[in-house]
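Student: Protein chains in written order, with the working numbering: chain A, 14 to 89; chain S, 14 to 89; chain F, 14 to 89; chain W, 14 to 89; chain P, 14 to 89; chain U, 14 to 89; chain D, 14 to 89.
Since the hints were made in silico from the structure, they are not lab data.
From the three backbone atoms N, C-alpha and C, an ideal C-beta is built for every residue, glycine too.
Treat the hints with care, since some could be wrong.
Stated by the list, open to error - Calculated cross-link-like contacts (lysine-lysine; reagent style DSS-like; alpha-carbon spacing at most 25 Å):
#1 F/LYS42 / S/LYS70
#2 U/LYS19 / D/LYS63
#3 F/LYS19 / W/LYS42
#4 F/LYS42 / W/LYS19
#5 A/LYS38 / S/LYS63
#6 W/LYS27 / P/LYS19
#7 U/LYS19 / P/LYS42
#8 W/LYS27 / F/LYS19
#9 A/LYS42 / D/LYS42
#10 U/LYS27 / D/LYS19
#11 W/LYS19 / F/LYS63
#12 A/LYS42 / S/LYS38
#13 P/LYS63 / U/LYS46
#14 A/LYS42 / F/LYS38
#15 D/LYS63 / U/LYS38
#16 W/LYS70 / P/LYS38
#17 F/LYS38 / W/LYS63
#18 P/LYS38 / W/LYS42
#19 A/LYS19 / D/LYS19
#20 U/LYS38 / P/LYS38
#21 U/LYS38 / S/LYS38
Said to hold, decoys possible - Calculated Cβ distances over 10 Å to all of chain F for the following chain S residues:
#22 ASN17
#23 ALA49
#24 VAL64
#25 GLU67
#26 ASN69
#27 ARG79
Stated by the list, open to error - With beta-carbon atoms standing in for the labels, derived distance ranges:
#28 U/LYS27 / D/GLY65: 37 to 43 Å
#29 D/GLY74 / U/HIS53: 29 to 35 Å
#30 P/ASN60 / U/GLY68: 19 to 25 Å
#31 W/ARG72 / F/ASP23: 54 to 60 Å
#32 A/LYS27 / F/LYS19: 32 to 38 Å
Letter by letter, the chains look like this.
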Amino acid sequence: MGENGKRPLDALEKARGNRVIANLKNGEKIAGKLVAFDLHLNLWLENAEKVGEEGNKTRLGTIVVRGDNVIFASPE
Amino acid sequence: MGENGKRPLDALEKARGNRVIANLKNGEKIAGKLVAFDLHLNLWLENAEKVGEEGNKTRLGTIVVRGDNVIFASPE
Amino acid sequence: MGENGKRPLDALEKARGNRVIANLKNGEKIAGKLVAFDLHLNLWLENAEKVGEEGNKTRLGTIVVRGDNVIFASPE
Amino acid sequence: MGENGKRPLDALEKARGNRVIANLKNGEKIAGKLVAFDLHLNLWLENAEKVGEEGNKTRLGTIVVRGDNVIFASPE
Amino acid sequence: MGENGKRPLDALEKARGNRVIANLKNGEKIAGKLVAFDLHLNLWLENAEKVGEEGNKTRLGTIVVRGDNVIFASPE
Amino acid sequence: MGENGKRPLDALEKARGNRVIANLKNGEKIAGKLVAFDLHLNLWLENAEKVGEEGNKTRLGTIVVRGDNVIFASPE
Amino acid sequence: MGENGKRPLDALEKARGNRVIANLKNGEKIAGKLVAFDLHLNLWLENAEKVGEEGNKTRLGTIVVRGDNVIFASPE
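Let the hints inform the model, and build the full structure from the sequences given.
Tutor: Right, dumping it as structure tokens:
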């Protein structure tokens with residue numbers, strides 16, 4: 014949308030293969046290696062973990078996050 | 014979306030026939046053998062059970078989870 | 014989606030004519046004989062009843078459940 | 014969807030011209046004579062009334078219920 | 014949908030030019046002269062006013078109500 | 014929809030270039046000069062300000078309101 | 014929509030390359046340099062930070078905000 018030809022999800026394209034962190038609508042933060050994503054912001058994460066308020070982590074392994082839960086996603 | 018040709022739901026494709034666990038928006042966790050799923054993340058689970066906070070389980074049997082309830086799904 | 018050719022709602026196809034129970038987003042459970050359903054998970058139930066916490070039942074008769082209320086549905 | 018050729022909203026087709034009761038997501042129950050409905054479950058009701066917890070009724074007259082508010086609808 | 018050829022929003026067609034009252038999901042009631050509406054139940058009301066619990070009214074003038082806020086609408 | 018050929022958003026067409034006030038689902042009221050809008054009720058407002066309960070105002074400048082937040086919009 | 018040919022998201026087009034602030038439905042405010050956006054209001058922000066009630070800031074870096082979380086966005 015616009016002259017520079019960039020689209021918002023291109024920011025995630027560059028993050029593929031690296032760790033990203035997703036802030037979810039239920040207040041949780043999920044981090045993991047981004048394997049794939051789509052236009053809905055569905056995310057396939059490997060070695061995912063839930064990141065608690067104090068930085069404590071709970072291992073989740075391989076997960077598919079349904080995109081409509083995401084507030085924002087970010088390379089770690 | 015992108016060069017590696019992978020899509021987020023491919024992660025579940027590999028899980029078919031095996032047990033997965035789905036974290037739902039109402040806070041419940043549902044585990045079961047994944048028979049089929051679709052792009053909405055509708056899930057057909059066999060031998061499903063609700064997994065409580067302390068790991069206690071309630072048998073649900075065969076269920077169809079409506080995809081819009083899912084936060085994330087994961088091979089167990 | 015996938016090699017086995019099964020779709021998640023096929024699980025309900027087998028349940029048609031038999032009783033199913035639907036867990037709804039408002040916390041209610043509705044049981045009844047499944048006459049018809051569609052891709053939205055709209056459900057036509059006969060001899061439906063609301064199932065309370067202690068298993069107490071309230072007769073509802075013939076009902077159409079709007080699919081977007083369903084968390085999961087299951088043969089009884 | 015399926016062999017018997019029935020669709021869930023056919024249950025309402027038979028109720029047209031008769032009174033139905035709709036349970037809404039805000040907890041209200043609305044009863045009235047069903048004049049017309051559509052695939053969204055939008056409902057045109059005549060002589061509609063709100064039905065309170067103790068069965069007390071508040072007259073609403075002619076109303077159009079927006080379908081996305083409906084949990085389930087039923088012939089009275 | 015059905016033999017009589019009526020659709021639910023036809024009930025509002027007859028109300029055009031007259032006052033209607035809309036019950037909204039946030040609990041508010043808005044009354045006004047219905048100038049136009051569409052399939053989403055977007056409403057253009059003139060001389061609109063908010064109707065409080067005790068029937069007290071707050072003048073709003075000309076308004077466009079976004080249809081997804083409507084629970085039901087009714088000729089006054 | 015109907016004989017008079019008017020659509021609900023035509024009411025905003027007349028308000029363009031003038032100040033409008035939008036009541037949002039989160040309870041906030043936002044006022045500003047309407048530069049552009051679309052069918053989703055996305056609004057481009059100039060010299061926008063948040064209007065508090067007691068009429069106190071907070072300057073926002075140029076803003077784009079996402080239409081799905083709007084309950085109703087109105088020329089001031 | 015209308016004679017002047019402007020669309021609401023054109024307001025953001027002018028802001029590209031500059032800092033914008035987005036008010037989100039969960040009450041958070043996120044500021045950052047706008048690299049790209051789309052019709053859903055998905056936003057790619059660089060040097061993003063969360064802005065607290067007292068103006069305190071938390072660094073987020075590069076983020077993609079899912080558009081459906083946005084109430085309004087504004088050039089800073």
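Student: For every hint, state whether the structure bears it out.
Tutor: Hints versus structure:
no., hint, verdict
1, F/LYS42 / S/LYS70, "18 Å, holds"
2, U/LYS19 / D/LYS63, "43 Å, violated"
3, F/LYS19 / W/LYS42, "38 Å, violated"
4, F/LYS42 / W/LYS19, "24 Å, holds"
5, A/LYS38 / S/LYS63, "22 Å, holds"
6, W/LYS27 / P/LYS19, "15 Å, holds"
7, U/LYS19 / P/LYS42, "24 Å, holds"
8, W/LYS27 / F/LYS19, "33 Å, violated"
9, A/LYS42 / D/LYS42, "17 Å, holds"
10, U/LYS27 / D/LYS19, "15 Å, holds"
11, W/LYS19 / F/LYS63, "23 Å, holds"
12, A/LYS42 / S/LYS38, "14 Å, holds"
13, P/LYS63 / U/LYS46, "23 Å, holds"
14, A/LYS42 / F/LYS38, "24 Å, holds"
15, D/LYS63 / U/LYS38, "22 Å, holds"
16, W/LYS70 / P/LYS38, "20 Å, holds"
17, F/LYS38 / W/LYS63, "22 Å, holds"
18, P/LYS38 / W/LYS42, "14 Å, holds"
19, A/LYS19 / D/LYS19, "21 Å, holds"
20, U/LYS38 / P/LYS38, "9 Å, holds"
21, U/LYS38 / S/LYS38, "21 Å, holds"
22, ASN17, "19 Å, holds"
23, ALA49, "4 Å, violated"
24, VAL64, "14 Å, holds"
25, GLU67, "20 Å, holds"
26, ASN69, "17 Å, holds"
27, ARG79, "5 Å, violated"
28, U/LYS27 / D/GLY65: 37 to 43 Å, "40 Å, holds"
29, D/GLY74 / U/HIS53: 29 to 35 Å, "30 Å, holds"
30, P/ASN60 / U/GLY68: 19 to 25 Å, "23 Å, holds"
31, W/ARG72 / F/ASP23: 54 to 60 Å, "46 Å, violated"
32, A/LYS27 / F/LYS19: 32 to 38 Å, "37 Å, holds"
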